[in-house]
Amino acid sequence: MAEAGDKTPTLSELYQDLWTTYIFTENTNDSTSSQDYQVKLRHGIKSGEKAIHMVNQLHLYSDNENIDEVATNEVKYILLPAILGYLTTLLNSKERIEVVKKGKDYFTDFLRVCKSYEVTDVNLPPDSTEIVPSGKGPPDLIAMSRQRGDKIKKFQEQKERAKKLKDLSVEVEKEHVDDEVKRDYYMTLCHQWVEKSLEELDSLNCEVTMLKFREQSIQNGHEEPPKHKKDPQKTTAFTPFIITKDMISKKVYGAGYPSRPVLTVEEFYEERVRDGIWQPPGSSHSMQDWANDPEKDAQAKEQEDSEKEKKVEEDDEETLQKARDWDEWKDDHRKGWGNRKNMG
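Residue numbers (the UniProt record's numbering): 1 to 344.
Don't take every hint at face value.
[To be verified] Taking lysine-lysine and the DSSO-like style, the derived pairs with C-alpha atoms no more than 27 Å apart in a straight line are: (1) Lys101 <-> Lys7; (2) Lys76 <-> Lys101; (3) Lys164 <-> Lys196; (4) Lys40 <-> Lys101; (5) Lys76 <-> Lys182; (6) Lys174 <-> Lys151; (7) Lys153 <-> Lys115; (8) Lys310 <-> Lys296; (9) Lys310 <-> Lys330; (10) Lys163 <-> Lys212; (11) Lys101 <-> Lys115; (12) Lys115 <-> Lys196; (13) Lys76 <-> Lys7; (14) Lys50 <-> Lys102; (15) Lys212 <-> Lys76; (16) Lys182 <-> Lys115; (17) Lys212 <-> Lys301; (18) Lys212 <-> Lys196; (19) Lys322 <-> Lys310; (20) Lys94 <-> Lys46; (21) Lys50 <-> Lys76.
[Claimed, not checked] Here are the simulated distance ranges between beta carbons: (22) His176 <-> Lys7: 24 to 30 Å; (23) Thr8 <-> Ser62: 20 to 26 Å; (24) Lys101 <-> Lys174: 40 to 46 Å; (25) Ser12 <-> Thr32: 25 to 31 Å; (26) His176 <-> Ser93: 41 to 47 Å; (27) Glu118 <-> Lys154: 16 to 22 Å; (28) Thr8 <-> Glu180: 17 to 23 Å; (29) Arg214 <-> Lys115: 52 to 58 Å; (30) Lys174 <-> Gln219: 57 to 63 Å; (31) Thr72 <-> Lys154: 40 to 46 Å; (32) Asp179 <-> Ser93: 40 to 46 Å; (33) Arg96 <-> Glu175: 29 to 35 Å.
Derived by calculation from the structure, the hints in this document are not laboratory data. Since the structure is predicted, the reported quantities are computational estimates derived from the model, not experimental observations. For glycine and all other residues, C-beta sits at the position ideal for the given N, C-alpha and C.
Given the sequences, and given the hints that come with them, work out the whole structure.
If you want it as structure tokens, here you go:
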């Protein structure tokens with residue numbers, strides 16, 4: 001940075017002070033609200049303001065010139081208002097709206113000079129800080145698609161420009177630098193700050209709108225109420241509940257009907273055989289019998305069939321009744337009916 005004292009810093013030294021401060025803000029891990037950060041920031045801003053004042057006194061630029069007519073070592077001074085505008089917006093101040101407006105003026109002045117010198121052909125963004133109600137309408141898909149394409153293209157250009165600046169900055173730091181390399185570096189830097197200024201202006205316009213809205217709310221008496229501690233919530237007394245023995249019994253034994261077994265499996269089977277619902281063991285043909293002894297099972301089946309035929313021939317009432325019941329059951333329950341509830 002420029003040395004303090006009676007010696008007046010040169011324009012190049014003031015520019016270097018401003019640029020060094022910008023690099024500090026980009027690389028530091030300090031909080032923007034810290035005292036050290038703000039002190040360095042104000043020092044850089046002061047150097048930038050002196051540099052702009054010196055440029056105006058020297059009449060380095062005029063509206064009827066082209067960028068090709070500007071000397072290579074003087075191209076970098078076009079960046080002064082852009083860098084100064086960026087640093088200004090980082091200031092901590094109670095009058096935030098004044099800081100934002102000042103930053104906007106610097107960015108606008110930089111873009112105006114760049115367009116005048118044909119560094120860029122972009123149009124200055126409108127000063128859209130008026131508070132207007134936003135009407136909801138159908139989205140313009142074509143416009144949205146175009147904006148997305150523009151953003152992708154801009155991102156790719158910024159990426160390529162950043163890589164180019166990184167390579168050129170290495171060359172510029174050398175002791176002997178070709179004039180064309182130095183000029184290419186400063187021109188690329190100008191294009192980068194044009195894009196940055198447009199983005200910053202868009203952001204600052206939104207911030208001004210919000211600050212104006214807040215100011216109007218305060219003037220209209222709608223100031224935000226001061227934050228205070230929450231009142232303790234009123235809670236109703238907790239009513240204890242008792243699980244009685246009867247409630248537990250209902251959950252375990254059921255509600256009014258027996259849920260515990262009253263017969264063993266053997267007792268239940270014997271009861272069914274006694275009532276004639278099931279046949280006694282060994283009196284029917286089963287797959288297990290066939291698997292154990294197929295020949296014996298076949299003989300038992302023949303004997304069972306012959307006994308049934310004999311009972312039918314002798315008009316055994318029990319056998320005839322079972323046959324009739326079986327026929328009636330088959331008439332009422334056709335084969336294949338079954339449960340067709342979930343079938344198509």
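Results for each hint:
no.: 1; hint: Lys101 <-> Lys7; in the structure: violated, 33 Å
no.: 2; hint: Lys76 <-> Lys101; in the structure: holds, 24 Å
no.: 3; hint: Lys164 <-> Lys196; in the structure: holds, 16 Å
no.: 4; hint: Lys40 <-> Lys101; in the structure: holds, 22 Å
no.: 5; hint: Lys76 <-> Lys182; in the structure: holds, 10 Å
no.: 6; hint: Lys174 <-> Lys151; in the structure: violated, 35 Å
no.: 7; hint: Lys153 <-> Lys115; in the structure: holds, 21 Å
no.: 8; hint: Lys310 <-> Lys296; in the structure: holds, 21 Å
no.: 9; hint: Lys310 <-> Lys330; in the structure: holds, 23 Å
no.: 10; hint: Lys163 <-> Lys212; in the structure: violated, 40 Å
no.: 11; hint: Lys101 <-> Lys115; in the structure: holds, 21 Å
no.: 12; hint: Lys115 <-> Lys196; in the structure: holds, 15 Å
no.: 13; hint: Lys76 <-> Lys7; in the structure: holds, 23 Å
no.: 14; hint: Lys50 <-> Lys102; in the structure: holds, 16 Å
no.: 15; hint: Lys212 <-> Lys76; in the structure: violated, 35 Å
no.: 16; hint: Lys182 <-> Lys115; in the structure: holds, 21 Å
no.: 17; hint: Lys212 <-> Lys301; in the structure: violated, 103 Å
no.: 18; hint: Lys212 <-> Lys196; in the structure: holds, 24 Å
no.: 19; hint: Lys322 <-> Lys310; in the structure: holds, 15 Å
no.: 20; hint: Lys94 <-> Lys46; in the structure: holds, 19 Å
no.: 21; hint: Lys50 <-> Lys76; in the structure: holds, 15 Å
no.: 22; hint: His176 <-> Lys7: 24 to 30 Å; in the structure: holds, 28 Å
no.: 23; hint: Thr8 <-> Ser62: 20 to 26 Å; in the structure: holds, 25 Å
no.: 24; hint: Lys101 <-> Lys174: 40 to 46 Å; in the structure: holds, 41 Å
no.: 25; hint: Ser12 <-> Thr32: 25 to 31 Å; in the structure: holds, 28 Å
no.: 26; hint: His176 <-> Ser93: 41 to 47 Å; in the structure: holds, 44 Å
no.: 27; hint: Glu118 <-> Lys154: 16 to 22 Å; in the structure: holds, 20 Å
no.: 28; hint: Thr8 <-> Glu180: 17 to 23 Å; in the structure: violated, 32 Å
no.: 29; hint: Arg214 <-> Lys115: 52 to 58 Å; in the structure: violated, 33 Å
no.: 30; hint: Lys174 <-> Gln219: 57 to 63 Å; in the structure: holds, 58 Å
no.: 31; hint: Thr72 <-> Lys154: 40 to 46 Å; in the structure: violated, 27 Å
no.: 32; hint: Asp179 <-> Ser93: 40 to 46 Å; in the structure: holds, 42 Å
no.: 33; hint: Arg96 <-> Glu175: 29 to 35 Å; in the structure: violated, 45 Å
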